[in-house]
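> For this one, chain A is given, so just place chain B on it according to the hints.
Chains A and B supply the protein sequences, listed in that same order.
Quick note: to get our numbering, add 91 to the position in the first sequence (first position is 1).
Quick note: to get our numbering, add 3 to the position in the second sequence (first position is 1).
These are computed hints drawn from the structure, not numbers from a lab.
Check each hint, because a few of them may be wrong.
[Stated by the list, open to error] Below, a list of computed lysine-lysine pairs in the DSS-like style, where the Cα atoms sit at most 25 Å apart: (1) B:LYS92 x B:LYS14; (2) A:LYS153 x B:LYS92; (3) A:LYS499 x B:LYS78; (4) B:LYS81 x A:LYS153; (5) B:LYS81 x B:LYS95; (6) A:LYS493 x B:LYS14; (7) B:LYS95 x B:LYS14; (8) B:LYS92 x B:LYS81; (9) B:LYS78 x B:LYS14; (10) B:LYS78 x B:LYS95.
Note that this is a predicted model, so its numbers are computed, not measured.
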Amino acid sequence: MSETTPHIVIVGAGHAGGVAAATLRQAGFPGAITLIGSEPYPPHERPPLSKGLLAGAIPVEKTYLRPVAFYADNRIAFRPGETAMAIDRNAQRVTLANGGTVPYDTLLLTTGARARRLSLPGADHARVLYLRDIADSLALREHLNPGARVTVIGAGFIGLEAAAAARKRGANVTVLEAQREPLQRVCPPEIGRFMAELHRRNGVALRTAISVTAIVEADGALALRTADGDTIAADIVLAGIGAQPNVELAQAAGLVVDNGVITDEFGRTSDPHIFAAGDVTRHFNPLLGRKIRLEAWQNAQNQAIAIAKIMAGGDQPYAEVPWFWTDQYDVNLQIAGAPEHWGELIWRGGPSDKAFTVFALSDGMPIAAITMNNGRDMRAARELITRRRPVDLARLADTAMKLQDLAKESGRG
Amino acid sequence: MADENWVTVGKRSAINPGDVLGVTVGDREFALYNLDGEIYATDNLCTHAFALLSQGWLDGEVIECPLHGGRFDVKTGKALCPPVTEDLKTYKVRVVGDDVQIQPG
Chain A
92 MSETTPHIVI
102 VGAGHAGGVA
112 AATLRQAGFP
122 GAITLIGSEP
132 YPPHERPPLS
142 KGLLAGAIPV
152 EKTYLRPVAF
162 YADNRIAFRP
172 GETAMAIDRN
182 AQRVTLANGG
192 TVPYDTLLLT
202 TGARARRLSL
212 PGADHARVLY
222 LRDIADSLAL
232 REHLNPGARV
242 TVIGAGFIGL
252 EAAAAARKRG
262 ANVTVLEAQR
272 EPLQRVCPPE
282 IGRFMAELHR
292 RNGVALRTAI
302 SVTAIVEADG
312 ALALRTADGD
322 TIAADIVLAG
332 IGAQPNVELA
342 QAAGLVVDNG
352 VITDEFGRTS
362 DPHIFAAGDV
372 TRHFNPLLGR
382 KIRLEAWQNA
392 QNQAIAIAKI
402 MAGGDQPYAE
412 VPWFWTDQYD
422 VNLQIAGAPE
432 HWGELIWRGG
442 PSDKAFTVFA
452 LSDGMPIAAI
462 TMNNGRDMRA
472 ARELITRRRP
482 VDLARLADTA
492 MKLQDLAKES
502 GRG
Chain B
4 MADENWVTVG
14 KRSAINPGDV
24 LGVTVGDREF
34 ALYNLDGEIY
44 ATDNLCTHAF
54 ALLSQGWLDG
64 EVIECPLHGG
74 RFDVKTGKAL
84 CPPVTEDLKT
94 YKVRVVGDDV
104 QIQPG
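Bound conformation, chain A alone (with noise of 0.2 Å):
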């Protein structure tokens, strides 16, 4: 037994790295376990790395998801500063960038994503920073400094986010969005403008509808050049436009990769023995019936969950309604489910609550839905979409009726 026992390697070891690794010892994995990750750190979380890190209210170890003493503890070789270059199928074995190699019996890619950065002229300048990793968090965090001129390209969530825990720090923030609201790619217009008025009412200088042509340095500080003919000064620029997968190893080994890696509910990708989880994969979702993919630390955290218990032996498919929160100031918001059109709304409460709920429908059906620090909304809502039945559409406006109340009801039924 010990001389066949299987090996897995793990090539990324960001949140779902890390958490695919640790299921596999908790599901009794007997084998070797490999986990290969280009950055110093250990396996950790991403979401404070724009808010408490960045705000400088927690430090760097908060975010580990285990000490690092865990790894070795459940015989897991954790490699950290080496990244891989190579994955050679046929041999099975993955090529390091210090030339040496790691021959797998099973490999599972957790590779994630990166900063998109910006192509305009001048975005190559060291002020314009990006924030995707821990080095990112902290090298910005030294720009954030009270009355420092700091510039956000890009009004998503990490935009936003960053916005907030520059404010925190008494940072002069402006944040400029190209899109008429904040979030649209994930929100439905009113909720991107709440958002909008929370950042305004904090102090953010935000601009929308307004696009940036050029970034060019005058006297020591930075100008923003803006489509209508506007300049912005800056001490720093932050670009937060989005992020992509890293691909670049599965399409070089020749895998399917179409935005992402592509896999399907259990984690498989065209080659029988590589999965794949976390943000690199494009995969098949079979509550939303299509492939989806996705930044957030739901996926990272609970795909991985998933995809390891199949890699130990499991059966069970990766099969959640997607949810993404957000920490700004004093809001939390969180939304479940990836509509491609918001379409018609159910309101419990409105935006001039102070908090609130709001889902999205089709043929009558929750298929998303948005809690404005209404947390405790949540888990309701995610169990009414995940069910996928019609549902009273009076009772669910009505707020006096508990949304957990109504989402234990109709699970009976």
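Okay, now just chain B, sitting in the frame of chain A:
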């Protein structure tokens, strides 16, 4: 040991079976649960991030955090699944009349 350690933190009649209620005593937050008529108490703050468990989802004897879905056994405080790794503090409970009392320590 001493009787004066018991502190009244809420009314039993305010917690229906299957419900969880958050209470603040001084600067501390507790969550009180009614599991089939029996009252249990834990810290209200999730051990993972700043979230009140009393706003979570009570699923049988398990409370699920409203922010990140961490789950704890209400009776033992045991952390049941990622991302929570640290157990939740639980408190002994007694009910005197309609008063729910705990020993906050």
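> The structure should be examined with respect to each hint, and the outcome stated for every one.
These are the hints, each one checked on the structure:
With a CA separation close to 21 Å, the supplied pair LYS92 of chain B and LYS14 of chain B stays within the 25 Å bound. With a C-alpha separation of about 20 Å, the suggested pair LYS153 of chain A and LYS92 of chain B falls inside the 25 Å cut-off, and the hint holds. Only pairs whose Cα atoms come within 25 Å are accepted, and LYS499 of chain A paired with LYS78 of chain B is accepted, the gap being roughly 22 Å. For the suggested pair LYS81 of chain B and LYS153 of chain A, the alpha carbons sit about 20 Å apart, so the restraint of at most 25 Å is met.
Distance restraint check for LYS81 of chain B and LYS95 of chain B: the Cα-Cα separation of roughly 15 Å lies within the 25 Å cut-off, and the hinted pair is therefore satisfied. The hinted pair formed by LYS493 of chain A and LYS14 of chain B meets the criterion: a straight-line CA distance of about 21 Å does not exceed 25 Å. A C-alpha spacing of about 16 Å is found between LYS95 of chain B and LYS14 of chain B, which places the hinted pair at or below 25 Å, so the restraint holds. Using a Cα cut-off of 25 Å, the hinted pair LYS92 of chain B and LYS81 of chain B holds, with the two alpha carbons roughly 9 Å apart.
Restraint check: the Cα-Cα separation between LYS78 of chain B and LYS14 of chain B comes to about 19 Å, which is no more than 25 Å; the hinted pair holds. The hinted pair formed by LYS78 of chain B and LYS95 of chain B meets the criterion: a straight-line CA distance of about 10 Å does not exceed 25 Å.
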